[in-house]
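Asker: Construct the entire structure; sequences and hints are all you get.
Take the sequence shown: its position 131, counted from the start at 1, is 131 in full-length UniProt numbering, and no numbers get skipped.
Hints were generated in silico from the structure; no laboratory data involved.
In this text, a Cβ means the ideal position worked out from N, Cα and C, and glycines have one as well.
Hints are not guaranteed to be accurate.
As the list claims (entries may be wrong) - Okay, the calculated beta carbon distance ranges per label pair: (1) Glu182 <-> Gly253: 29 to 35 Å; (2) Gly102 <-> Ile171: 38 to 44 Å; (3) Tyr205 <-> Lys390: 35 to 41 Å; (4) Thr289 <-> Asp191: 37 to 43 Å.
Stated by the list, open to error - Here are the simulated SDA-like cross-link-like pairs (lysine to any residue), alpha carbons at most 20 Å apart as the crow flies: (5) Lys390 <-> Gln127; (6) Lys360 <-> Gly415; (7) Lys187 <-> Ile198; (8) Lys360 <-> Asn252; (9) Lys396 <-> Asp423; (10) Lys396 <-> Gly415; (11) Lys146 <-> Ser202; (12) Lys390 <-> Val176; (13) Lys278 <-> Gly300; (14) Lys146 <-> Trp119; (15) Lys418 <-> Ala408; (16) Lys146 <-> Trp174; (17) Lys418 <-> His373; (18) Lys278 <-> Ser305; (19) Lys146 <-> Gln127; (20) Lys278 <-> Asn252; (21) Lys396 <-> Lys418; (22) Lys146 <-> Lys187; (23) Lys390 <-> Asp130; (24) Lys186 <-> Pro170.
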Amino acid sequence: MLAGSNARILRYIVVASITLMLFYLFNSHHDTLPRPVPAPDQARAGSEPNPQNVAAVDRNVDSTQKSIPIDRDRQDAESSKPPASLSMKDAPSSMLDGTDPGPRANATFVTLARNADVWDIARSIRQVEDRFNRRFNYDWVFLNDKPFDDNFRNITSALVSGTARFGQIPIEHWSVPDWIDEDKAKKVREDMKERKIIYGDSTSYRHMCRFESGFFFQHPIMQNYDFYWRVEPSIELFCDIPRDPFRFMKENGKKYSFTISLLEYVDTIPTLWDSTRKFMENYPQHVATDNSMEFLSDDGGQTYSMCHFWSNFEIGSLEWMRSDAYVDFFNSLDQDGGFFYERWGDAPVHSIAAGILLNKTELHFFDEIAYFHMPFTHCPNDAQSRIDLKCHCNPKDNFDWSRYSCTARYFEMMGMQKPEGVD
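Answerer: Structural data, given as structure tokens:
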């Protein structure tokens, strides 16, 4: 009896063991079966194709080609979505993996460069692509007063994730206008050279400042876009940029933004404010009611504070630049001749225009975008943000709160709280 019972138990054990073995083998085989790989177009089910990616197939577009078509229906649909926050505390590092699936603004990077600048601008492109654009694939417009050579085109096109487009500046936008007394302008350059004013004897620098002040947004290529981000050779970005600044500008009604502000060299613009006051008297309809005069002046507009936004980094609205208000402002200044009789820079011109033509709510300070252009650095104030964004800037190098910076003045005007420890 005992032997029979033991035999039954042994059979149960054998059957159970075989059953478990078969179950294990079946599941192991099932897990190793090949899985279907989605086609590229199906990789993000339910998402629309990114028009920037589609356009990027043609990476060497000339200014003679037709305008890029814009999907207005899609833009209208996108504009109804909630704003994209630029609070970097809400941007985990996982956002930097792969391509961002969200919508895009109708925007481009823009760079004024010479063929000889190719390696310096290549460095800047890598900075922008690695920290931001490799996930967003925005276009890049390159402008030059001379034709771009094949070497420049090939190198920059290979680095840009969107479409690289190349344009030549019309001669009338890069020459001395006929109302300028060239003998007088020459004497000014000679005098500035004697006084060792930086770029004081340079004609090409004056052409550049005038072009950036009043003509870059008029170029046929730029007519395709609503926003621009200016990039110059040899800049550096110290932190990841997981949120889209273009979308932030569009969805929050911002028209001009900056990272660094500072005092202008007074000997380069002795009569710029006089020309500004004349414009305000002649065009009162263009002066914004809630303007930034507190930033621009210590005495209600009688004199200029010399404060300006450093325009080698700026993100702005091209629609605003093309507006009657801005064009009238530039034309008024241009007729006064200060680009040639003095050495007016595009930075104070843009800054004064933004300060008097826009309401304060249309300006923005991008603290999260850590930026370097010789010799100044902007490094984010918040220590946790620097960690979250994988920043490599030294906060001690931050120019924001130095005696020559105007950022504290901007904070006061906007009612923004300064970082702890800043007077």
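Asker: Straight-line Cα separation of Lys278 and Asn252 no greater than 20 Å?
Answerer: Violated. Lys278 to Asn252 sits at ~32 Å, over the 20 Å cutoff.
Asker: For a C-alpha distance cap of 20 Å, please report whether Lys396 and Asp423 respect it.
Answerer: 16 Å, holds
Asker: For Lys418 and His373, compute the direct alpha-carbon distance and say whether it is at most 20 Å.
Answerer: 23 Å, violated
Asker: So does Thr289 sit 37 to 43 Å from Asp191, Cβ to Cβ?
Answerer: Between Thr289 and Asp191, where Cβ atoms are some 41 Å apart, the hint holds.
Asker: Just to be careful, I want the Cα atoms of Lys278 and Gly300 compared with a cutoff of 20 Å; is the pair within it?
Answerer: Roughly 15 Å separates the two Cα atoms, so the pair holds.
Asker: Does Lys396 pair with Lys418 here, judged by a C-alpha cut-off of 20 Å?
Answerer: OK: Lys396 and Lys418 at ~16 Å, within 20 Å.
Asker: Given the hint that Lys278 pairs with Ser305, does the C-alpha gap stay at or below 20 Å?
Answerer: Answer holds: Lys278 to Ser305 is near 17 Å, not above 20 Å.
Asker: Given the hinted pair Lys146 and Lys187, is their Cα-Cα distance within 20 Å?
Answerer: Not OK: Lys146 and Lys187 at ~27 Å, beyond 20 Å, violated.
Asker: Is the Cα-Cα distance between Lys390 and Val176 20 Å or less?
Answerer: 46 Å, violated
Asker: Are Lys390 and Gln127 close enough, with their CA atoms no more than 20 Å apart?
Answerer: 14 Å, holds
Asker: Just tell me: holds or violated, for the beta carbon distance of Gly102 and Ile171 against 38 to 44 Å?
Answerer: 41 Å, holds
Asker: Within 20 Å, alpha carbon to alpha carbon, are Lys146 and Trp174?
Answerer: Holds. Lys146 to Trp174 sits at ~10 Å (cutoff 20 Å).
Of the numbered hints given earlier, the model fails hints 1, 10, 12, 17, 19, 20, 22 and 24; all others are met.
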